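Peer 1: Chains as they are written, first to last, in my numbering: chain X, 603 to 910; chain L, 603 to 910.
Worth flagging that the hints you see were computed from the coordinates, not collected in a lab.
Please note that a few of the clues may not be correct.
No distinction is drawn between identical chains; accordingly, a pair holds when it is met within one copy or between any pair of copies.
In the SDA-like style, the derived pairs of lysine to any residue whose C-alpha atoms are separated by at most 25 angstroms in a straight line are [as the list claims (entries may be wrong)]:
| id | residue 1 | residue 2 |
| --- | --- | --- |
| 1 | K811 | D638 |
| 2 | K835 | H661 |
| 3 | K726 | G859 |
| 4 | K725 | P713 |
| 5 | K847 | I860 |
| 6 | K858 | M836 |
| 7 | K811 | K835 |
| 8 | K754 | E856 |
| 9 | K758 | S882 |
| 10 | K858 | V770 |
| 11 | K644 | E834 |
| 12 | K725 | D783 |
| 13 | K838 | A647 |
| 14 | K726 | D767 |
| 15 | K838 | L808 |
| 16 | K644 | A765 |
| 17 | K847 | A765 |
| 18 | K858 | F724 |
| 19 | K838 | G680 |
| 20 | K621 | K726 |
| 21 | K726 | Y712 |
| 22 | K758 | Y712 |
| 23 | K838 | G682 |
| 24 | K754 | Q817 |
| 25 | K858 | F780 |
Keep in mind that this is a model prediction, so the values were computed, not measured.
Number of protein chains: 2
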Amino acid sequence: MLKVPDHQVAGHRQARDGKPSPLIDDAGRFYKPLQDDDRGSKEVAFYSSFSSNTRVPDHVRRLFPVFHGTQLIEASDGSGLRPHLVLEDVVSSRSHPSVMDIKIGSRTWYPEASEDYIQRCFKKDRETSSLSLGFRISGLQIYGNEESRLWKPENKLVQNLSAADVKVVLKKFVSSNFPDDPNSDPDCSFAASVYGGSTGILAQLLELKAWFEDQTTYHLNSCSVLMVYEKEKMLKGERSDAEVKLIDFAHVTEGKGIIDHNFLGGLCSVIKFISEILTSPDECTTKVCLQDSDKNTNDSENCTTEGM
Amino acid sequence: MLKVPDHQVAGHRQARDGKPSPLIDDAGRFYKPLQDDDRGSKEVAFYSSFSSNTRVPDHVRRLFPVFHGTQLIEASDGSGLRPHLVLEDVVSSRSHPSVMDIKIGSRTWYPEASEDYIQRCFKKDRETSSLSLGFRISGLQIYGNEESRLWKPENKLVQNLSAADVKVVLKKFVSSNFPDDPNSDPDCSFAASVYGGSTGILAQLLELKAWFEDQTTYHLNSCSVLMVYEKEKMLKGERSDAEVKLIDFAHVTEGKGIIDHNFLGGLCSVIKFISEILTSPDECTTKVCLQDSDKNTNDSENCTTEGM
């Protein structure tokens with residue numbers, strides 16, 4: 603039985619403008635309708651190449667969704683049979699996932715694209731945080747303490763954040779208090795276990811970085827890093843299930859012997875933000891918690907950001 | 603006594619369009635005329651800030667020219683007194699320096715620039731190798747075996763090289779045979795001693811990279827990495843004097859808590875090219891030396907590229 607998933611956070615993976623939505627089954631597979639024009643075939647070409655590329659080391663391969671080929675299935679909008687990419691379901695198989703979709707790169711266009719596409723991306727990169735930060739948050743959902751309370755700001759609101767605001771959002775992502783409460787500063791309770799540690803998000807991003815410093819096969823234009831974990835497990839004291847997955851390969855081009863310096867630079871910027879949260883717990887009180895001086899003392903105690 | 607230096611390789615540091623040229627003295631100082639508009643004052647502001655910034659570690663500081671303040675001196679074109687930056691003379695104090703000026707970054711413009719400047723740079727970055735490689739060679743001079751024979755291609759000819767051509771030029775830079783000889787493939791004789799080793803160019807670039815992964819104070823837009831060494835010393839079996847220096851800070855902007863992901867990405871691309879020359883000596887024969895099959899055997903023996 604296929605159904606429309608609950609937890610899609612980034613814009614173009616939702617059903618809109620009459621386009622069919624992705625589907626999931628109960629066996630952990632995610633069915634992504636092939637995009638029109640050549641984007642769909644480009645994404646299939648990337649997954650086919652990547653999944654059969656024996657030079658990709660296992661610790662890098664696990665940062666990409668598993669590819670199960672393509673399948674002709676009934677589209678979610680009732681428009682009939684349509685080819686779908688069949689992928690590992692990274693998000694929807696979880697019960698209450700907190701998810702952040704970060705589009706990497708200060709530039710989302712690439713020389714091989716059409717002039718029209720280049721100009722549109724050039725404009726959007728300048729209008730969002732892509733140009734300044736080297737990435738933009740494309741989508742976001744964070745659960746609060748109670749499972750049912752979900753903070754899911756509109757994508758437009760998070761695409762053009764300042765450096766200071768991005769840091770706050772990255773702190774909210776790993777805090778126990780409810781992210782949408784203006785009277786409550788992020789306590790960073792889960793920073794050490796979600797971002798830090800040998801299997802945490804930072805460690806996974808550093809493995810990705812090392813690969814991008816070396817690989818010259820793929821340029822992952824306009825691709826996203828998805829960060830996922832379940833706060834519920836943290837609250838129960840369970841081991842962190844934090845995961846990094848790269849998604850959206852409709853604009854991948856050949857590396858032709860050159861590293862993807864655009865992706866690498868943006869990735870290093872994300873890494874720097876997350877590293878700072880882990881290594882500068884003081885900032886939790888000095889910058890973010892300035893509003894309420896009484897609370898600073900407690901918050902600084904809660905800032906369990908001892909680093910990796 | 604001030605004089606016009608012999609060894610300026612990049613375009614805008616030469617006298618042209620009626621602009622005065624830089625000057626040198628015999629005490630190892632380089633006098634750079636302050637550029638008109640706000641570029642001159644921006645460069646002074648950068649050198650003042652950087653030279654007094656106590657957070658810059660010594661191993662990074664030595665990759666920048668020493669700053670000796672500004673001085674009002676007679677311009678080289680006889681146009682009268684003009685303020686000059688007084689800097690360490692990196693190149694001209696050497697007798698026969700081989701020099702490569704690499705402008706780092708796939709983007710030479712920045713959000714704070716004027717729309718006119720942005721559009722001009724955007725166009726030039728696309729027309730040169732900056733966009734694809736993450737850098738462009740801005741100027742180049744390589745000495746041959748005999749001191750007097752100098753290969754100094756026009757800057758326009760080296761700004762838009764393909765990945766394969768950049769690799770050839772980087773090999774020519776560290777080869778004993780004359781770089782302009784079409785019948786002679788680069789032998790990479792000096793690769794290990796100039797690029798490799800604990801004090802070689804790659805080691806210096808890696809120190810720079812580590813700093814750029816962390817520092818969020820300066821964005822070095824449109825800045826160059828200069829690589830310099832004297833082939834004569836290599837031929838005499840002396841220790842390599844290979845040096846990396848960053849130059850041209852007329853477009854530096856404040857980092858505002860964000861790493862310079864554009865510079866970092868481009869720098870990583872340069873590092874990858876140089877690493878490959880050090881770690882893949884075979885390629886010297888398979889790709890570059892294909893033209894003359896008889897010579898391949900000899901060349902592969904000469905490829906002393908054992909890595910660091």
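Peer 1: Work down the list of hints and note, for each, if the structure agrees.
Peer 2: Hint check results:
Neither within a single protomer nor between protomers do K811 and D638 lie at most 25 angstroms apart by alpha-carbon distance, with minima of 31 angstroms and 41 angstroms respectively. For a Cα distance limit of 25 angstroms, the shortest separation of K835 from H661 inside one copy, 24 angstroms, qualifies, whereas the shortest one across copies, 45 angstroms, does not. For a Cα distance limit of 25 angstroms, the shortest separation of K726 from G859 across copies, 22 angstroms, qualifies, whereas the shortest one inside one copy, 28 angstroms, does not. When the C-alpha separation of K725 and P713 is checked against a cutoff of 25 angstroms, the pair qualifies both within a copy, at 15 angstroms, and between copies, at 12 angstroms.
Both within a single protomer and between protomers do K847 and I860 lie at most 25 angstroms apart by alpha-carbon distance, with minima of 23 angstroms and 24 angstroms respectively. Within a single copy, K858 and M836 get their C-alpha atoms no closer than 43 angstroms, and across copies no closer than 33 angstroms, so neither meets the 25 angstroms cut-off. For the homomeric pair K811 and K835, neither the shortest alpha-carbon distance inside one copy (28 angstroms) nor that between copies (38 angstroms) is at most 25 angstroms. Neither within a single protomer nor between protomers do K754 and E856 lie at most 25 angstroms apart by alpha-carbon distance, with minima of 35 angstroms and 32 angstroms respectively.
Taking identical chains as interchangeable, the C-alpha atoms of K758 and S882 are never at most 25 angstroms apart, the minima being 29 angstroms within one chain and 47 angstroms between chains. Taking the shortest alpha-carbon separations for K858 and V770, only the inter-copy value of 15 angstroms comes in at or below 25 angstroms, while the best intra-copy value is 38 angstroms. Taking identical chains as interchangeable, the C-alpha atoms of K644 and E834 are never at most 25 angstroms apart, the minima being 37 angstroms within one chain and 52 angstroms between chains. Taking the closest pair of Cα atoms, K725 and D783 never come within 25 angstroms of each other, the shortest separation being 33 angstroms inside a single copy and 46 angstroms across copies.
In this assembly of identical chains, the alpha carbons of K838 and A647 never lie at most 25 angstroms apart, being 42 angstroms within a copy and 54 angstroms across copies at closest. In this assembly of identical chains, the alpha carbons of K726 and D767 lie at most 25 angstroms apart only when taken from the same copy (19 angstroms versus 33 angstroms across copies). In this assembly of identical chains, K838 and L808 lie within 25 angstroms of each other by CA distance neither inside one copy nor across copies; the values are 28 angstroms within and 43 angstroms between. Taking identical chains as interchangeable, the C-alpha atoms of K644 and A765 lie at most 25 angstroms apart only when they sit on different chains, with a minimum of 24 angstroms there against 33 angstroms within one chain.
With identical chains, the CA atoms of K847 and A765 are at most 25 angstroms apart within one copy only, with a shortest distance of 23 angstroms there and 30 angstroms across copies. Proximity of K858 and F724 under a CA criterion of 25 angstroms is satisfied in both settings, with 23 angstroms inside one chain copy and 22 angstroms between copies. For the identical chains of this complex, K838 and G680 are neighbours neither inside a copy (41 angstroms) nor across copies (78 angstroms), given an alpha-carbon limit of 25 angstroms. When the C-alpha separation of K621 and K726 is checked against a cutoff of 25 angstroms, the pair qualifies only within one copy, where the shortest distance is 22 angstroms, while the shortest distance between copies is 38 angstroms.
When the C-alpha separation of K726 and Y712 is checked against a cutoff of 25 angstroms, the pair qualifies both within a copy, at 14 angstroms, and between copies, at 15 angstroms. Taking identical chains as interchangeable, the C-alpha atoms of K758 and Y712 lie at most 25 angstroms apart whether they share a chain (23 angstroms) or sit on different chains (23 angstroms). Neither within a single protomer nor between protomers do K838 and G682 lie at most 25 angstroms apart by alpha-carbon distance, with minima of 44 angstroms and 76 angstroms respectively. When the C-alpha separation of K754 and Q817 is checked against a cutoff of 25 angstroms, the pair qualifies neither within a copy, at 35 angstroms, nor between copies, at 32 angstroms.
When the C-alpha separation of K858 and F780 is checked against a cutoff of 25 angstroms, the pair qualifies neither within a copy, at 46 angstroms, nor between copies, at 28 angstroms.
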